[in-house]
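Guided by the hints, dock chains B and C onto chain A, whose structure is given.
Protein chains in written order, with our numbering: chain A, 1 to 373; chain B, 1 to 301; chain C, 1 to 292.
In case anyone wonders, no lab produced these hints; they're calculated from the structure.
Some hints could be false.
To be verified - Part of the chain B face toward chain C, derived, beta carbon under 10 Å:
(1) V50
(2) L89
(3) A93
(4) G99
(5) L130
(6) T261
(7) T263
Yeah, the Cβ is synthetic: ideal placement off N, Cα and C, and Gly gets one too.
Letter by letter, the chains look like this.
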Amino acid sequence: MRRVILKGETVTLEKIEKNFAETAVVRDVSIAVQAGEFLSLLGPSGSGKTTLLMMIAGFEAPNRGRISVGTRDITFEAPNKRDVGMVFQRYALFPHMTVAQNIAFPLRMRRCSRAQARDRVDAMLAMVRLEGFADRLPQQLSGGQQQRVAVARALVAEPPVLLMDEPLSALDKKLRETMQLEIKRIQKRLGVTVVYVTHDQEEALTMSDRVAVMADGELMQVGAPIDLYHRPANAFVAGFIGKMNFLEGEYIGHDGGEAVIRLSQTATVKCPTSSATAVVGQRLTVAIRPEDLSVRPSGDVRPGGFKGRVEAALFVGAAYVVLVAIDGRAGEVVEARLPANGGSLPLVPGDIVDVFAEPSAVRLFSHQQRQAA
Amino acid sequence: MKKAKTHKLPVRAAISFTKSKSWRHYPIGLSLILIIPLCLLLGFGFVYPVGRLLGQSFFAPDFGLDNYRRLLETPLYLRVLGRTVIVALIVMAASLALGYPVALAMARLRRDLAGVVMACVLLPLWTSALVRSYAWIVILQRRGLVNDALLGLGVISEPLKLIYTEGAVILAMTHVLVPFMILPIFGAIRAIPTELVQAARNLGGGQFTVFARILLPLSLPGIFAGCLMTFILALGFYVTPALVGGPSSLLMATLIGQQTTETLDWGFAGALSTVLLCVTLVIVVCFRKALSNNRGISNVA
Amino acid sequence: MSPDLEFALATREMANEDKSLVSRNSRSLWKCLGAVTAGFLILLILLFLVLPIVIIFPMSFGSASYLEFPPRGLTLRWYGQYLSDPDWRAATLFSLKIALATTLSATIIGTLAAIAFVRGSFPGKGLFQAITLSPMIIPHIVIAVAVFLAFAPLNLSGSFLGFLIAHTMLAVPYVVLTVVAALQRFDTTLELAALNCGAGRIRTFFSVVLPNIRVGVASGAVFAFLASFDEATVAFFLSGIEGKTITRKMFEDIDFNLTPVIAAVSVVLTVTSLLVMGALHVFSRNPVPAQR
Chain A
1 MRRVILKGET VTLEKIEKNF AETAVVRDVS IAVQAGEFLS LLGPSGSGKT
51 TLLMMIAGFE APNRGRISVG TRDITFEAPN KRDVGMVFQR YALFPHMTVA
101 QNIAFPLRMR RCSRAQARDR VDAMLAMVRL EGFADRLPQQ LSGGQQQRVA
151 VARALVAEPP VLLMDEPLSA LDKKLRETMQ LEIKRIQKRL GVTVVYVTHD
201 QEEALTMSDR VAVMADGELM QVGAPIDLYH RPANAFVAGF IGKMNFLEGE
251 YIGHDGGEAV IRLSQTATVK CPTSSATAVV GQRLTVAIRP EDLSVRPSGD
301 VRPGGFKGRV EAALFVGAAY VVLVAIDGRA GEVVEARLPA NGGSLPLVPG
351 DIVDVFAEPS AVRLFSHQQR QAA
Chain B
1 MKKAKTHKLP VRAAISFTKS KSWRHYPIGL SLILIIPLCL LLGFGFVYPV
51 GRLLGQSFFA PDFGLDNYRR LLETPLYLRV LGRTVIVALI VMAASLALGY
101 PVALAMARLR RDLAGVVMAC VLLPLWTSAL VRSYAWIVIL QRRGLVNDAL
151 LGLGVISEPL KLIYTEGAVI LAMTHVLVPF MILPIFGAIR AIPTELVQAA
201 RNLGGGQFTV FARILLPLSL PGIFAGCLMT FILALGFYVT PALVGGPSSL
251 LMATLIGQQT TETLDWGFAG ALSTVLLCVT LVIVVCFRKA LSNNRGISNV
301 A
Chain C
1 MSPDLEFALA TREMANEDKS LVSRNSRSLW KCLGAVTAGF LILLILLFLV
51 LPIVIIFPMS FGSASYLEFP PRGLTLRWYG QYLSDPDWRA ATLFSLKIAL
101 ATTLSATIIG TLAAIAFVRG SFPGKGLFQA ITLSPMIIPH IVIAVAVFLA
151 FAPLNLSGSF LGFLIAHTML AVPYVVLTVV AALQRFDTTL ELAALNCGAG
201 RIRTFFSVVL PNIRVGVASG AVFAFLASFD EATVAFFLSG IEGKTITRKM
251 FEDIDFNLTP VIAAVSVVLT VTSLLVMGAL HVFSRNPVPA QR
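This is chain A alone, in the form it adopts within the complex (with noise of 0.2 Å):
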C-alpha cells in the first residue's frame, strides 16, 4: 500500500464575470489561491460563491475573465479535462456503485491498471478510515460515511486541487465538526489546494487559511479569519463574521487623537482618527463587537462611555450576554458579551450601567455601506 502525497497547485481567478440572462450572479471577481492554501468562499445565499465554484470545476462558464490552476489555463476546458477533484453538497456518490467503485471511478476514467487502482482505493480508503466499507453501497452508509467516501472520490486521481461545495450542510452539528476536523487532517497531509464553499461562517473562519467573503455577486474582502475579524473592510463583513453591533450615530469632531461620535443627546463614543475621514454633522455606523463592550454599574464613569438600561442579562454558558438600551431609551439596544468568571452576574433589568468601549475596538462604516449590507 503506497502513501497518497499530493502537491497543490495555485487557482487564479481574474476579473471573473458570469451572467445568468440578464442577471449578474459573479461581478468582477480576482482571487489569487496559494499552492496548498484552504480557502473558503464565505456568503449567503445568492452571493455568487457556488457559480464561482461551477465555472472552477467547469459546469459553467464565465462571460468574461480568466481561471487557472497553476499556469494551466482552464477557463474554457471540458469538466473532465480539468483535473479537479469535488466534494458536492449532497456527496453525488454513484447509488449504483459499491464505495470500492465510486471511489476506482475516476482511476477507471484514467485508465489506471486494475492493480494499481485497487492499491489506490485502499490507500483512500485508509486515509478516510473506512477501510471494511469497500463492498458497500452508498445507500448503507451513514451521511458522514458517504462524505468521507466523497473526500476520497475527489482525491484519487491526485488532482492539486479540491473544490467543496457545502460539504457538511447536510449533517447535524456534532458530525459537521468532526468532519471538518477531518477534511482539515487530509488536507494537511496532502497538501492539496482546498476551494470551500460555505454559508457557514464558523465553518469558514475555523478550517480556512484565507476567508473570500461575497456579496451579491461581488468579491467584499479577502483575508485571514483573524483579519475578517478585527479589520473588516466593510459594514457587510463586519455583520457577517461574528456578531455586531451597529449604531446610527454622528461625527462631532475631535477629542485629542479621536474621533468623537455622538449616539444620542448623551451617548458618545471614541474612535481612533484613522478609521473616520469625515466632515462634522456627517451621519456614519458605528460597529463594535459585543466583547469589545464592558460593562459596569453606575458611577464607575469613564471618558467615552455612555449610560443605558439592562433590558436583558442571560447566561449562555461560556459567557453573559447583556442587552442594553442606551440613554434609557427602548429603541437602540446593544449587546455586549461580557465572560462568565464562575461568578454570578451583579446586573438585573432595570439597572443603570455605564458602558464603555475602547476607542481600538471601535469601527465607522459610512451610512450608504451600512444600507447596503
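Relative to chain A, chains B and C alone:
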C-alpha cells in the same frame, strides 16, 4: 439553496441568448442529434400519413368540400357521428360508475387486499383488446354462455340476439376501457393525504360527508383524466366495435374502416377521419380547460 | 394494452406505506352491512373485469370443436392445431419479429428523445413533445388508415419495415413518458460528478445515467413490446396477404372461422403479456436500486 435560484431557469435562458456554455444542459447541437431519429420517425410515420389522409378529404376525387357536403347531407352518416358520441359518453359514464368504487377500494383498502384488486384491474389492462373482444363474443353469441345459461334455466325458449348489437358494443368497450378510468382516479385518491380524511372523521364527518366533501372533490382531477382517456379512446375505438358490433351499430371508426376496405373511397375516409380527429382534439382541449379551472378552484379553496 | 404510468408511480408509493382496513372503524351493525354491500359490489365489478379473460383459459382446453363452457373434456388439440398451422406460425413469428424490432428501435429512439426533452434545450421543445405524444391520443383508426394510404404506394404495406415504422411510432410515446419520468427523478449532480471524475459526456451517460434510469428504460421497452405485439388496428389495415400479424390473423378468424384455436391463441397472447409484465416487475424490484 442557491442552486434553485441561479441554475434552474436562468441557465436555460442563458443558453439560448448568450454563448456562455453550461454543462448542466446539453447544447443545442447535441439535443438536435438526439432528437433527429424521432423527427424522422414521426415525420415519415405519423405526420406525413395523417396529413396526407386529411389532405385526401379535400382532393379526392376532386378538389373541394364535396366529401364534407356528402357527410353533412347524408342522414346515415350524421346518425353514425351522433351514435359514436353517444356511445362514447355512455361508455365513459359506465366506466366511471364501475371504476370509481374500485379505485376507491384500491386506494383505501389494506395493502394485501388492495394488491388483489390491483391485479384484477391490471389483468385486463395487459390483455390485448382483441382477446377481450373475442371473449365477449364467446359470452354473448347465439350459443354463448349467457344464452346457454338462460336456456338451461328455462328463462327463455329462443336464444336472444345479444351479439352484434349496440348494447354488446357498449358492454365490451366498457370492459376494455374501465382500467383507463380506474388508474388515474386511483392515482388522485392516493395523492390525498390520509391525515386529511382522518381529520375530517375526527371533526365529526360521517362516511358520506367525508366522501362528498373530501374524497370526491380532491379526486376530481383523476376523474377528469379518466373520463378524458376513456371518452377519446371510445370515440376512436376500432377493434371492439368491428368485432362485437353489427351493421346497425356502425360507429365512426368502423365506418372509416369500411370506406377503406370495402368502398375504397379515400376522400370520404379522409373527411370522416378529419371530423373524428377534430372532435377528439376539441374534447381534449375542453377537458384540459376544465381541468385547469378545477385546479384553480381547489387551489383557492 | 397500454399500461399507465400513474400505476407504476402509485405502486411504488404503495410499497412504502401500510393502510388500515377501512372497516376497522365501523362498529355498528349498520356500518358493517354497508361495508358488506360495498364489498359485494366491488367483488361484482372485479368479476366483470376478470371473468371474460379467465374463461378463455378453460375454453382453450375444451375438447368440443365448438365453443362450450364449461368444457366437457380436456385436450391440447387446439394448441396443437395452432402450432401446426403454417399460417398461424408465420403470423406469430412475423408479429414477434416486429415486436422485438419495435422494442429495440422505440427504446433507443424514445430514450434519446427523452434525454433531449429533459436535459437538452432547443427551440420548439413544447411542440415536439406534443407531437411525440399525440399518437396516444389520436384515434388509432385514423392512424391506421393514414399509414395504409401512405405506405401502400411505397410497397411498405404488409412488409416488415412498414410495420416497424408504424409500430415504433405508436410505441415511442410510452418509452418517452417512462424515460422522462425516470430522468426527472435522476439527480443531475451525479452527472456533474461523473464529468468531474474525468468521464466524457458519452461515458457519463453509459456509466452513470443509464444504470440509474434503467428501470424507466426497461418499463418503456416492455410497454413498447406490448404496444406492438398486442396492436390490432394498424395491423389490421397494414397487413398484406404475405405479411400478416398474429392479431390480424386472429381478427380474420374471429370474423369468419370461430374455432377454439382462437381461444388457444388468445391464451398465448395473454400469457405472453403477463410474462413480459412479470419480468419487468421482477427486474424493477431487483436489489439495488438505482432510483433516487
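Now the hints, each set against the structure:
no.: 1; hint: V50; in the structure: holds (5 Å)
no.: 2; hint: L89; in the structure: violated (16 Å)
no.: 3; hint: A93; in the structure: violated (15 Å)
no.: 4; hint: G99; in the structure: holds (8 Å)
no.: 5; hint: L130; in the structure: holds (5 Å)
no.: 6; hint: T261; in the structure: holds (8 Å)
no.: 7; hint: T263; in the structure: violated (13 Å)
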